[in-house]
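J.: The chain contents come next:
Number of protein chains: 2
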Amino acid sequence: MSDHTDAPVAPVGAFEPPYYVAVFTTVRTQDQSGYSETDARMEELVKNVPGFLGMDHAQTPGGLGITVGYFRDADALTKWRCDAEHRAAQKRGRAQWYECYTLHVAKVERSHGFARAEGPQSRATD
Amino acid sequence: MSDHTDAPVAPVGAFEPPYYVAVFTTVRTQDQSGYSETDARMEELVKNVPGFLGMDHAQTPGGLGITVGYFRDADALTKWRCDAEHRAAQKRGRAQWYECYTLHVAKVERSHGFARAEGPQSRATD
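Chains G and C are the protein sequences, given in the same order.
Using numbering that gives the first Met the number 0, the letters of the first sequence correspond one by one to residues 0 to 125.
Using numbering that gives the first Met the number 0, the letters of the second sequence correspond one by one to residues 0 to 125.
The shape of chain G in the complex, shown without the other chains (with noise of 0.2 Å):
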């Protein structure tokens, strides 16, 4: 959900299936005041979370931004998904932040990795 760019730039990698994404895609407002201060908080929350396995955030300066949760069961979602300073988030998300999103939840079947140096690292058959 961050749009810092300072982090160590690399994709969250391929986990042992079954594992769940949660695919957030959104189109802001012109009215952002107060969400990056949210979005640490919400960052630092998910964190806590027992089964959450990590994030990848992507923007589009002016166009769409793309946000995918990996959690490693539907138990771990719906812990997020409840939590009382998220919800509280999400609420001020549609009265403010957002002009429009989608919210796509998944189990993941396969999955596989690759990079550069090391050459390609399967998890799946592909």
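Don't take every hint at face value.
Unchecked claim - Straight-line C-alpha distance at most 27 Å; calculated BS3-like pairs for lysine-lysine:
#: 1; chain 1: C; residue 1: Lys-78; chain 2: C; residue 2: Lys-106
#: 2; chain 1: C; residue 1: Lys-106; chain 2: C; residue 2: Lys-46
#: 3; chain 1: C; residue 1: Lys-90; chain 2: G; residue 2: Lys-90
#: 4; chain 1: G; residue 1: Lys-78; chain 2: C; residue 2: Lys-106
#: 5; chain 1: C; residue 1: Lys-46; chain 2: C; residue 2: Lys-78
#: 6; chain 1: C; residue 1: Lys-90; chain 2: C; residue 2: Lys-78
#: 7; chain 1: G; residue 1: Lys-78; chain 2: G; residue 2: Lys-90
#: 8; chain 1: G; residue 1: Lys-46; chain 2: C; residue 2: Lys-46
#: 9; chain 1: G; residue 1: Lys-46; chain 2: G; residue 2: Lys-78
#: 10; chain 1: G; residue 1: Lys-46; chain 2: G; residue 2: Lys-106
#: 11; chain 1: G; residue 1: Lys-46; chain 2: C; residue 2: Lys-90
#: 12; chain 1: C; residue 1: Lys-106; chain 2: G; residue 2: Lys-106
Unchecked claim - Non-contacting residues of chain G with respect to chain C, defined by C-beta distances greater than 10 Å in every case (computed):
#: 13; residue: Asp-38
#: 14; residue: Glu-43
#: 15; residue: Val-45
#: 16; residue: Asp-55
#: 17; residue: Arg-71
#: 18; residue: Lys-78
#: 19; residue: Trp-79
#: 20; residue: Glu-84
Don't read these hints as lab results, they were simulated from the structure.
Treat the numbers as computed from the prediction; the structure is a model and nothing was measured.
Beta carbons: idealized from backbone N, C-alpha and C, even for Gly.
Since the structure of chain G is provided, determine the placement of chain C on it from the hints.
T.: Okay, now just chain C, sitting in the frame of chain G:
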């Protein structure tokens, strides 16, 4: 996969589950020669795959790129995965365009969308 920013900006909406997402997270190399032509060709090709539902893309400048493809079922994804031109593009991607990437293929269990003008639009319990 496109970096075009002149398209109307809105995320792909929620479909009736089950459907599939292919989440492709990338960091690109310095050498992007030929990328945009191949990217445009892949966008053209994937639209012809029966069961292709749509695609979202976001790119943080100098950072992470995320492309999410939506497909009606596993067969549609298999067709796309086995496309000869697509396979050639993947091979060139590993050789030239990508520093690293991860692919997560997952079956969507629930989804919903929100648009400011119309209010919340739920396709599944949340």
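J.: For every hint, state whether the structure bears it out.
T.: Hints, verified against the model:
At most 27 Å may separate the alpha-carbon atoms for a hinted pair to count; C/Lys-78 and C/Lys-106 meet this at roughly 16 Å. With a C-alpha separation of about 20 Å, the suggested pairing of C/Lys-106 with C/Lys-46 holds against the 27 Å cut-off. This hinted pair does not check out: C/Lys-90 and G/Lys-90 have alpha carbons roughly 44 Å apart, beyond 27 Å. Of the pairs offered as hints, the one joining G/Lys-78 and C/Lys-106 holds, with about 20 Å between alpha carbons and a cut-off of 27 Å not exceeded.
With a CA separation close to 12 Å, the supplied pair C/Lys-46 and C/Lys-78 stays within the 27 Å bound. A threshold of 27 Å between alpha carbons decides the hint, and for C/Lys-90 with C/Lys-78 the separation of about 17 Å falls inside it, so the pair holds. Proposed proximity of G/Lys-78 and G/Lys-90 is supported: the alpha carbons are some 17 Å apart, at most 27 Å. A distance of roughly 37 Å separates the Cα atoms of G/Lys-46 and C/Lys-46; the hinted pair therefore is violated under the 27 Å criterion.
A distance of roughly 12 Å separates the Cα atoms of G/Lys-46 and G/Lys-78; the hinted pair therefore holds under the 27 Å criterion. Taken as a hint, the G/Lys-46 and G/Lys-106 pair is honoured in the structure, with Cα atoms around 20 Å apart against an allowance of 27 Å. About 35 Å separates the Cα atoms of G/Lys-46 and C/Lys-90, which puts this hinted pair outside 27 Å; it is violated. For the proposed pair C/Lys-106 and G/Lys-106, the alpha carbon gap of about 5 Å is at most 27 Å, so the pair holds.
Every beta carbon of chain C lies more than 10 Å from that of G/Asp-38, the smallest distance being close to 14 Å; the non-interface claim holds. The claim that G/Glu-43 is not at the interface with chain C holds, since no C-beta of that chain comes within 10 Å of its own (minimum 20 Å). Chain C leaves G/Val-45 outside its interface by the beta-carbon criterion, the shortest separation being 17 Å against a cut-off of 10 Å. With a cut of 10 Å on Cβ distances, G/Asp-55 falls inside the contact zone with chain C, its closest approach being about 5 Å.
At roughly 14 Å from the closest C-beta of chain C, the C-beta of G/Arg-71 stays outside 10 Å, upholding its exclusion from the interface. The Cβ of G/Lys-78 lies farther than 10 Å from every Cβ of chain C, with a closest approach of about 14 Å, so its non-interface assignment holds. The non-interface label for G/Trp-79 is consistent with chain C: the shortest C-beta to C-beta separation is roughly 12 Å, beyond 10 Å. With a least beta-carbon separation of about 17 Å from chain C, G/Glu-84 lies farther than 10 Å from that chain, consistent with its non-interface assignment.
This entry does not satisfy hints 3, 8, 11 and 16, going by the numbered hints stated previously.
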